[in-house]
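Each chain, letter by letter, is given below.
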Amino acid sequence: MKTIKRKLIWGFAGLALIAASCGEDFVTASPEGEFFEDNYYQNEEQAFSGLVAVYDVLRKNSSGFENMITMMNAGSDDFFAGGGGPSDGAGIHGFDDFTIDPVNMPSSFYKDWYRGIARANVLLLKMPQANMSDAARARFTAEARVLRSFYYFQLINMFGDVPFITEPVLTADLFNIDKSPKAEIYAFIEAEMLASIADLPVMLPAPASPTVPSVEAGRLTQGSARAILGKIYLYQNKWSEAAAQFAEVNGTPGGTSQYGYKLVENFASLWSVSNKWNSESILEVSHTNLSNAGWGNWGSGSDEGNSVNQMVGPRGYNRPDNSTAPSFISGWSFNPVAPELYNAYAPNDPRRDISILNIAALGNQAGYAPGDQDTGFFLRKFMPLTSETSTGGGNTELNYRQNTYWIRLADTYLMEAEAILNGGGDISRAQALLDAVRIRVGLAPVEVSQAAIANERRLELAGEGFRFFDLVRTGRTDLLTPFGFQSGKNEVLPLPFNDIANTPIQQNNNY
Amino acid sequence: MKFKKVLFFCISALLFSFIGHAQNISITGKVTDETGLPVPGTTVLVKGTQTASMTDIDGNYQISAPSNATLVYSFIGYQTLELAVNGKTRVDAKIQSSSENLEEVVVVGYGTQKKSVVTGAISQVKGEALEGQPVTRIEQTLQGRTSGVYVAANAGQPGSPATVRVRGMTTLNNNDPLYVVDGILVDAGAVQFLNQADIESVEVLKDASASVYGTQSAAGVILITTKKGKSGKLTVSYNGFAGFSDETRRVGVLNATQYATLINERDTNDGGPIRYADPAAFGRGTDWQDVIFQNASRQSHDINISGGTDNSKFYGSFSLLDQEGIVLPSISRYQRKTIRLNSEHKLGKYVTIGQTATYSNEKNLGVGNTNSEFGGPLSSALNLDPLTPLIETDPAITGAYPYTGENGIFRDRSGNPYGISPIVTNEMSNPLAYQESRRGGYGYADNLMGNVYLEIAPMDGLKFRTTAVGKLAYYGSQSFTPEYYFNNGAPGNNDVNNISRVASKNFYWQIENTLTYTKRIDAHNFAVLLGQGSYVREGEQTQTTTYRNLPVDNWQEASFGFQVPEADRTTYANTGADNKITSVFGRLTYDFNERYLVQAFIRRDGSTNFGENNKFGNFPSLSLGWVPSKESFWPENNIVTQLKFRASWGVAGNDRIAPFRYASLVNQGFNYTIGGAVVTGSTITRPANPDLKWEETTKRNVAADITMFRDLTLSLDLWKHKTTGILQDLQLPGHSGLDNPLANLGEVSNTGFDIELGYRKKLGDFTIGLNGNISFMKNKVESISEGLDFYGIGGVQSMPGDILRVEVGQPFGYFYGYKHLGIFQNQAQVDAYVNAEGNPIQPNARPGDFIWQDTDGNGAISADDRTKLGKSLPDYTYGFTFNIEYKNFDFNMMAQGAAGNKIFNAMRRLELSEANYQSAALNRWTGEGSSNTYPRLTKTDPNENYSRPSNFYLEDGDYLRLKTMQLGYSLPKDVIGQAGMSRARIYVMAENLVTFTKYTGFDPEIGGGNSVGIDRGYYPQARSFMLGVNLTF
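Line by line, the protein sequences are chains U and E. Counting from 1, position 146 in the first sequence corresponds to residue 146 in this note's numbering; the numbering is continuous, with no gaps. Just remember that this note's numbering sits 10000 ahead of the position in the second sequence, which is counted from 1.
This is chain U alone, in the form it adopts within the complex (with noise of 0.2 Å):
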């Protein structure tokens, strides 16, 4: 009895002596599976992982709920927000009937970009210090640099001129910035492209079989960065320019090009989940069934599904038993089509039924519930079949796996030929240009025209969001006039009303 209690007193003592030495070094701790930013992009394989973080952001094309294609789609005179309700995204529908107003901007149309952007400046101030090669330095600092040139030129467009930024700012010093001119963007992108270029690969790796991809696939390249730059200059009105980048990019009208881009044979093919990095593929969104993403991911980095595929299927898809017709997925029925841009194909065109559904041709070989805005027309193009759904983790509606094009060959073609029109080029040239883009899809020749370079962009492109900028660039703003389009305000959306609280900055004219 009498050494149990000399222990227990000894042993308590001992506790009580653990307890005192706790001090200062007590309550410091390092955190788990993070990293403090000064131990970070210490080396190649940390400067790559932040490379990655930056080229993220490129899936605001077709990623989340607020995505570009349909937002974009919205406000062109060729869709309608649809959805469940009148009140099934108030951003999409307040830019689709032009009532957007700086509160139902949704923010991240304006942060996002500056996501990438944030991204890419901490990597170019901190990579000169980083143990790696000097090649793959020189790579992924190009990589960096027209990405961040890329985010700025999405910018550019949405809002006008806005706040430039290109490396990390003290906290502080974020409330201080004001908008800087559009031109002064346009100058310094401009710059960093053409300094980049040469550090890009001129083509990715060939891949290991046909049936799987590059294993750099989604990567920069000479070719994508040239394109890009292209409609940088294309948007400037800067025509020769414009046309000399694409050109670069786009070869021989009908062939293979320097970069090895080349119009795919079929149209259908371009949608087809089998056929991603397609010969006609320069810039390219990648989605992938394997990210397991459930809800709490969408819209966060780490989703990597494609969310047009949910939003734009027909509402409550059904089929009877034996039927003939395709088995799409229920969507959520957003961007419904025009029935004036069905209308508008040649009965003969191929894209028109590849492009769009008309439900009501399926007859009663399936039916579904009309949404908000319903016309029966849905944007084909991006509405998979049952059999495409991922069987994997996460939610089905958030792991569809169809790539997206911010640029492909058939748009350089139709830039090219624009800007030689504008810019007093070779007119044989952009004609054989705007030929390649119609003997495609087996359609005779047209003279090629101003005219009939638009009218081919919204047939050969409709649906992949470039409809809006192109009317707004080309100054034919009164198609969307019936719909609210204001002039000397719609031209740009509105700044979100929290991203630009506290500081110096305008809010959009007439917002």
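Note that these hints are calculated values from the structure, not bench results. Computed from a predicted model, the values in this text were never measured in an experiment. From the three backbone atoms N, C-alpha and C, an ideal C-beta is built for every residue, glycine too. One thing to keep in mind: the hints can contain errors.
For lysine to aspartate or glutamate, the following DMTMM-like pairs were computed, each having C-alpha atoms within a straight-line distance of at most 20 Å [stated by the list, open to error]:
id	chain 1	residue 1	chain 2	residue 2
1	U	K126	U	E184
2	U	K489	U	D478
3	U	K489	U	D161
4	E	K10580	U	D25
5	E	K10580	U	E24
6	E	K10939	U	D374
7	U	K489	E	D10864
8	E	K10939	U	D97
FRET-style restraints, in silico, Cβ to Cβ [stated by the list, open to error]:
id	chain 1	residue 1	chain 2	residue 2	range
9	U	P326	E	A10503	26 to 34 Å
10	E	S10372	U	Q507	31 to 39 Å
11	E	N10844	U	P445	33 to 41 Å
12	E	S10559	U	G484	38 to 46 Å
13	U	R476	E	N10844	54 to 62 Å
14	E	E10557	U	P205	46 to 54 Å
15	U	Y511	E	N10835	19 to 27 Å
16	E	G10669	U	P320	38 to 46 Å
17	U	P347	E	E10557	51 to 59 Å
18	U	P320	E	D10831	47 to 55 Å
19	E	V10105	U	P31	42 to 50 Å
20	E	N10740	U	R137	25 to 33 Å
21	E	N10554	U	R137	52 to 60 Å
Given chain U's structure and the hints, the job is docking chain E onto it.
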């Protein structure tokens, strides 16, 4: 090893603790009260021994004691009396009733204090008051029984937590109070493992008295003390009850005929054709609430053993609780088992050791997805159309798509499918099909917690105490999701079955050492406390494993035993960072003759959560008291028999933020697919803030405690709490490209007035007790962050903007939206509603639409016209308990309520346009003069009557609820004595019997953390009827 030895010791001490005693004489006597009536049930104890007896029904007792012994008479509600035997064989005793036992003590943190000298604002709930009460979670013990404490159940799902706010919303962040169970710091989310029958007392430290827990005490501290065992004869008690529960109220919705009629009217309003030719043919249709609400069973059993000697006491208990929920009980249930052993032993003259140890096992079946517009049984029951049958039997329908051609259709025993609504889609599901999809799923928690302590008192008044604590929790869940098809519309369906298991573990430990010295010099009483503590919450460790595509598709057979291919398995693991706190503290307590009272405390805490510049913080407090009724000038009177004034000031802290928020960290998860594979992307996420430090809450309290007419006690507390440096996201401009960093930005103040009233009187055979409390509270957000005037804390699907806001100058969480001023009754009114230019303010409006208030007066209705519409937090809360005993009968009841808050009725899912309407739609506008509150039905809604969040959706949340009512009968002692029992009581009990409210939702009592007041289909509180027994041997 050490623990093993202690355990061995504890057990052996128990075994050797029953020792015989010396030569005695037999003593008899009678115990009476001041009026001469006998007091049955009085304990008579031979002082310094464990020999005890009890008076019979006539107040007589008999006991054997040494002739020089002292007898101690004690009975609840009476002052303890000691009488010397002095060789007499008959000793009669007259005991005095006392409304406030002078020796009553209050637990104050690192010690106890006599109630008469307490200077802090501390509410106490004693274990006796909870005996036999239907308390599933410890938070419920505070509801209605304490002033200044707001308690609202988060859901009626059994076992689900409640929202507890001690004196308002102290911060814009986590407002949960800190729980301290026998000195062990426990997070709010983890206190449900406690068995209420084990509780000796609960104290709520409401003012600066909470500062004893420094950095973690800003939102108040709730001290829970478990039973220690009493010396004396071994007692075994059993308390158990069983009963059933049902729902108290339903939400009125349209029946099938009404539904079809109103849909027709709506479509016609929108210029469309009539959809349902003959609405009356549908009859009443399906009442989906009939399907989800079912009678549920409920039972609770508790057995405890306590006893010991003066040197060695113990208390042990086992409890079992099993409660079904009233919504689909087969998938809504909570079960808990607890075991406890507490003991304390004196080792010789100077040393005391003791321990507490408890193990609990919980299993719960959750109905899932409550208070959500995204499906779940409650939301589905309100939104599904009444036209769809519960079970589809029409062969023309069951023989066609989707009943054929889709997998995952659930059927009843006869093989008929559960009806699938073709028009109300998305997450809404037939509740019976939903039920099938969740079977076999459960959550669990195993908690093992205990402490060991050693006290050494080497000289009079000096005591050293060291305590070591460990708390180990294993918790997780398992679920099976079969293939299911709920309706034509994602995300209502699941094509691939999966089985999933989540297993988590965390470990907490703390060590505290305290040295106390108490000294009395004449009328001066001093007490000094010095202490030191270390507290470590080890990072949570979690593993989640999911297997997909099992070869079976029912929960009975689903198992991880099926070794599915690698591609069908996903697994995640997670390790959290440790949180450590180190502290030193000291307290000085002084009183002069219990007349002038002073207490000063200071604590210094360091935490891993803060940056280099502010790792340590100091938390002082000071309280003073004056008892004029003890002054010589105080006139002897029978009106105010006791009066105490007290005042306190102190600073408390809040450090509950995620770790490392002071640093700029590089995180992963910004991935991109390269080469067909997902590649990890890493980047900085937010800027560093090395100055990050605690939130500080300064608490002030002035109060008076008054005893009047000896039996009536009254406490009045006036208080003001102000929190500065609230940890808020610094709202960065969008071009930062980063997430917002935390900074010490916000300020919130709370002022309030608490009244507690107590009355206890014995009148002949009657004993009456009445306690009441009411708390008025005013909350104001003083600032949020520079340049940020407000932010949203709650919105509703399909309605633009936030509905619940935190805004400078306003109370926390007020409703914000458009204000309608009634309904346009005719076109003339629409045309007359013009702006300064003479243009119509609402050009799209038609008769029957809302008149929107043009708040900003700019002549048009836009987002700028939104305005303040009401508060989500009540102005005052109140509660009262009443009990009465008469002979062998006893009765008690408790009621509580809240008033002054609004509830946003968001139960109808707006963008599902065919969703059923609530009954209020029957009073819609149908023509001039028909309604001024419910607009015309429309789907296209050009005037945005429905899609704008407005006062249309707000309802008064005031309620008064009869929470519990209990009637008991104790069998006569002479009857049960033969069975060896000292007490046998049977009782009937009802919980939530009646609720008075105008609110039309399921339940006006809605918690839900900081974002309260938006009702998307709360799981309502059940009404229960129970029958129980208490037995003591």
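Hint by hint, here is what the structure shows:
1. A C-alpha spacing of about 25 Å is found between U:K126 and U:E184, which places the hinted pair above 20 Å, so the restraint is violated.
2. For the hint linking U:K489 to U:D478, the alpha-carbon distance of about 13 Å falls within 20 Å, and the restraint holds.
3. For a cut-off of 20 Å, the pair hint linking U:K489 to U:D161 stands: about 13 Å separates their Cα positions.
4. At most 20 Å may separate the alpha-carbon atoms for a hinted pair to count; E:K10580 and U:D25 meet this at roughly 10 Å.
5. Proximity of E:K10580 to U:E24 is assessed by CA-CA distance (about 11 Å); at most 20 Å being required, the pair is judged to hold.
6. A distance of roughly 14 Å separates the Cα atoms of E:K10939 and U:D374; the hinted pair therefore holds under the 20 Å criterion.
7. This hinted pair checks out: U:K489 and E:D10864 have alpha carbons roughly 19 Å apart, not beyond 20 Å.
8. The suggested pairing of E:K10939 with U:D97 holds, with an alpha-carbon distance near 18 Å, which does not exceed 20 Å.
9. U:P326 and E:A10503 have their C-beta atoms about 43 Å apart, which leaves the hinted 26 to 34 Å range violated.
10. Judged by the Cβ atoms, the range 31 to 39 Å given for E:S10372 and U:Q507 holds: they are separated by roughly 36 Å.
11. The given range of 33 to 41 Å is broken by E:N10844 and U:P445, whose C-beta atoms sit roughly 48 Å from each other.
12. The given range of 38 to 46 Å is broken by E:S10559 and U:G484, whose C-beta atoms sit roughly 58 Å from each other.
13. Between U:R476 and E:N10844 the C-beta distance comes to about 29 Å, which lies outside the given range of 54 to 62 Å.
14. Checking the proposed 46 to 54 Å range against E:E10557 and U:P205 shows it holds: the Cβ atoms sit about 48 Å from each other.
15. The hinted range of 19 to 27 Å is satisfied by U:Y511 and E:N10835, whose Cβ atoms lie roughly 20 Å apart.
16. Separation of E:G10669 from U:P320 is about 43 Å and conforms to the stated range, judged on CB atoms against 38 to 46 Å.
17. Checking the proposed 51 to 59 Å range against U:P347 and E:E10557 shows it holds: the Cβ atoms sit about 55 Å from each other.
18. For the pair U:P320 and E:D10831, the beta carbons lie near 51 Å from each other, so the given range of 47 to 55 Å is met.
19. A C-beta distance of roughly 44 Å is found between E:V10105 and U:P31, which places it inside the suggested range of 42 to 50 Å.
20. Between E:N10740 and U:R137 the beta carbon distance is about 32 Å. The supplied range of 25 to 33 Å therefore holds.
21. Distance hint check for E:N10554 and U:R137: the Cβ-Cβ separation is about 57 Å, which falls inside the suggested range of 52 to 60 Å.
The structure fails hints 1, 9, 11, 12 and 13 (numbered hints given earlier, in ascending order).
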